[in-house]
Structure formats: C-alpha cells, structure tokens
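Chains as they are written, first to last, in full-length UniProt numbering: chain A, 1 to 207; chain B, 1 to 207.
If you are wondering where the hints come from, they were derived from the structure by calculation, not from laboratory data.
Hints are supplied without guarantee of correctness; some may be wrong.
It does not matter which identical chain is meant; a pair holds if it fits inside one copy or across any two.
Unchecked claim - Calculated cross-link-like contacts (lysine-lysine; reagent style DSSO-like; alpha-carbon spacing at most 27 angstroms):
id	residue 1	residue 2
1	K127	K196
2	K196	K72
3	K84	K127
4	K72	K127
So the chains spell out like this:
Number of protein chains: 2
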Amino acid sequence: MNDMTVADAAPETGQERKAPGRPRNAQADEAILDAVLALLSDGQSAAAISIEAVAARAGVGKATIYRRWPNKEALLIEAVRAMKGPLPELAGRSVRDDLIALVEANRTPNAQRNGKITACLLPEFIKDEELGRMHQAVVEPRRDVTRQVLRRGIESGELRADLDVELTLLMLSAPSMVQAMLPWSPRVPDEGFAEKLVDALLRGAAA
Amino acid sequence: MNDMTVADAAPETGQERKAPGRPRNAQADEAILDAVLALLSDGQSAAAISIEAVAARAGVGKATIYRRWPNKEALLIEAVRAMKGPLPELAGRSVRDDLIALVEANRTPNAQRNGKITACLLPEFIKDEELGRMHQAVVEPRRDVTRQVLRRGIESGELRADLDVELTLLMLSAPSMVQAMLPWSPRVPDEGFAEKLVDALLRGAAA
C-alpha cells in the first residue's frame with residue numbers, strides 16, 4: 001500500500017518502545033493516515049489541514065511525517081489510497097458476480113465517512129492539478145479492473161457486443177459515489193444495493 | 001425563481017439609474033447571484049465566502065444583499081437554484097424522449113462550472129444540516145419530475161412493471177453529476193451522452 005512512502009533509513013533494533021523499527025513504523029503510518037482521514041471526515045478542507053494538526057492528532061512528531069511523505073499532497077493521496085482499501089478478489093466465474101463484488105467493494109461500512117472525505121477533497125482535486133493527477137493515479141488502476149471484467153463479458157457473450165465500456169463503468173460507479181457524498185440522494189436502501197444495481201444495468205428498464 | 005427573496009419595500013419611481021425600482025432589483029439580483037457562483041467556481045469554499053466579497057464582486061452594497069436575503073445560507077441556496085435553471089418542457093410523448101430531455105437539462109454548457117460549484121458546496125451541505133435541508137428543498141421538486149415520468153412509463157407499459165423508481169432515478173442522475181464534479185471521471189464523450197445513457201438504461205447490458 002505504501003508505495004509512495006519515503007523509505008525510513010533508521011536501522012531496526014531490539015528495543016520495544018523507542019526504536020524506530022519496522023513494526024513501530026507501520027503503526028505510526030496507520031496513525032498518521034487515520035489522523036488525516038479523521039480530520040477530513042470532521043469536515044476540514046484539505047487546504048485547512050496542516051502537518052502540525054495531523055501530527056498532533058496522530059500523536060507523532062512532524063519529523064515522523066516528513067520522513068515518510070515529502071509534502072501534504074503526497075500524504076493526502078496516500079490517505080485516499082488507504083481509505084479505498086484493497087480491491088476484492090474476483091471469483092471470475094460470471095461477469096454478474098464479479099460486477100456485484102466490485103460495486104460492493106465501494107460500499108464498505110465506512111462508505112458514508114468515505115463519501116464525506118471525498119466531498120471535502122473534491123474542491124482541492126479540482127483546484128490543484130497536480131493533486132488531481134495523483135488522485136487519478138489511485139483511481140485508474142481500480143477502474144481498469146472493472147473495464148477488464150466488462151471486456152471479458154463482451155468476449156464471453158454475457159454482455160452485448162456493442163456495449164459502451166466507459167459509459168457502463170460510469171453507470172456502475174457513479175450511483176454509489178453520489179449516494180455516499182450526498183446524504184439526501186435518492187433513497188435506495190443499502191441492503192442488496194450492489195445486486196440490484198447490476199441487475200438493473202444488465203436487464204434494462206424497458207418492458 | 002426568487003421565492004426566497006425578501007421582498008424589497010422600496011417604491012417604484014420613474015428615475016432610471018438611482019431609483020431602487022423593480023427592473024434595477026432584478027438586475028442587482030442577477031449580479032449578486034452571478035457573483036456568488038463566480039466566487040464558488042473560482043474554488044472558494046462556501047465557508048470562505050463573505051457577504052462583503054459578494055457585494056464587492058457584484059458591485060453592490062452589503063445592504064442591497066441583506067435587503068434581499070436574510071443570511072449567507074439563503075443566498076447560497078438561491079444561487080444553486082439559479083445555477084440549475086428551469087426544468088425543460090417535456091413533450092410527454094415517449095418516456096424515452098422525456099428522460100433524454102431531463103438528462104440533457106443537467107448537461108448545460110455550464111455543466112463543468114456547475115460541477116465545480118457543486119463540489120465546492122458539498123462539504124458545506126454535509127457539515128451544515130440546515131443548509132443541507134435547504135439544498136434538498138431545491139433538488140427534490142426536480143427529482144419529482146423524473147419520478148413522474150418513470151411512473152408514467154410503468155403505467156403505459158413502456159417500462160418494466162417491477163421497475164425500482166428510486167434506483168432508476170439515481171442511475172439517471174448520478175453519471176452526469178460525477179462527470180461534472182470529477183474532471184477525470186470515465187471518459188464518455190459529451191456528444192449524444194443523454195441519449196446513450198437513457199438507451200443503455202432502457203435496453204440493458206446483457207446480451
């Protein structure tokens with residue numbers, strides 16, 4: 001996950017509490033990323049968040065943060081990557097099942113918190129092109145997994161030969177995103193949402 | 001449009017430039033709402049926008065704003081209402097045509113600017129429950145129009161009898177919203193978008 005982390009040069013030692021060994025680092029990483037996400041979900045804008053505030057909330061020194069991330073932008077993007085979590089393992093049997101798993105992966109118990117965080121970051125992503133590119137680098141590989149499933153479905157004959165892959169990708173991802181960001185989006189129950197969305201998309205609305 | 005506007009008590013007069021008559025008011029209203037939208041689309045957060053800044057940008061005095069809107073929240077919501085513009089006249093012939101018109105109504109030439117504005121307002125809507133309720137009061141009547149078209153389609157047999165109206169509403173509205181707010185959303189060309197989305201939704205993706 002921490003492929004953007006600046007490697008920590010401190011050697012490992014046997015000491016439990018004070019040594020900057022790897023287990024301690026992983027714990028600090030998690031505390032720092034959690035602190036960023038907590039500040040954002042409290043409604044702080046990305047612009048308003050300072051390294052000082054993150055350090056205070058995580059209970060680490062500023063230097064601990066700067067050893068790991070060169071700047072606030074890198075830290076924000078790493079927090080987004082951590083928030084999104086790993087992609088699900090796809091069974092690869094039916095395209096329907098894989099699409100349901102992919103939609104469900106975006107509807108974690110933290111979806112409301114994550115939606116709030118995304119909403120608070122969006123203005124920053126739009127204003128700061130570099131931050132926007134970094135965010136895109138996090139989301140594109142995830143989208144590629146869905147694109148591959150859709151292309152597999154076209155080849156296997158489970159999906160229409162003339163399917164618009166990008167439009168279908170947008171139709172699969174946008175509803176959960178809007179629901180998570182806007183508390184008063186259309187009232188579709190969370191229970192069974194992924195299955196209902198995928199089936200509605202597959203079967204069509206026409207009689 | 002200005003149903004939330006505090007009525008201006010100044011009497012109409014024959015003077016052209018200085019009298020606070022109705023035509024002058026309408027012009028000032030437009031300048032004020034445009035100023036709010038311009039500040040938001042510059043990337044200012046709703047929290048950061050002051051009545052002073054709006055007055056300066058609109059070229060009016062603060063009192064002119066307070067005569068019309070009791071507070072910043074009311075002004076922000078009125079600007080959102082103005083941004084959304086009127087709903088399209090629906091031909092009422094086929095459900096397909098009406099749904100295309102409704103999707104197109106959210107894809108004005110200003111869609112990118114409006115998406116940026118919505119993105120900058122979202123954190124505020126989430127943080128401030130009262131503002132959230134006011135925003136909901138703007139969007140719900142618009143959604144009701146789409147709900148009515150979908151229910152008409154179920155009754156006429158153009159749509160499936162078991163159609164989930166709320167889910168379909170979300171599937172019709174979320175893609176344009178995400179595309180407008182997130183510049184790096186899936187790359188679906190704007191040309192013919194509404195027709196493609198409605199047809200994908202009607203026909204389904206399954207072979």
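Verification of the supplied hints:
1. K127 / K196: Answer is neither; intra-copy 35 angstroms and inter-copy 30 angstroms both fail.
2. K196 / K72: neither (39 angstroms within a copy, 40 angstroms between copies)
3. K84 / K127: The answer is both: 22 angstroms in one copy and 22 angstroms across copies each meet 27 angstroms.
4. K72 / K127: Cα proximity of K72 and K127: in one copy and across copies (15 angstroms, 23 angstroms).
Violated hints, listed in ascending order, are 1, 2; each of the other numbered hints is respected by the structure.
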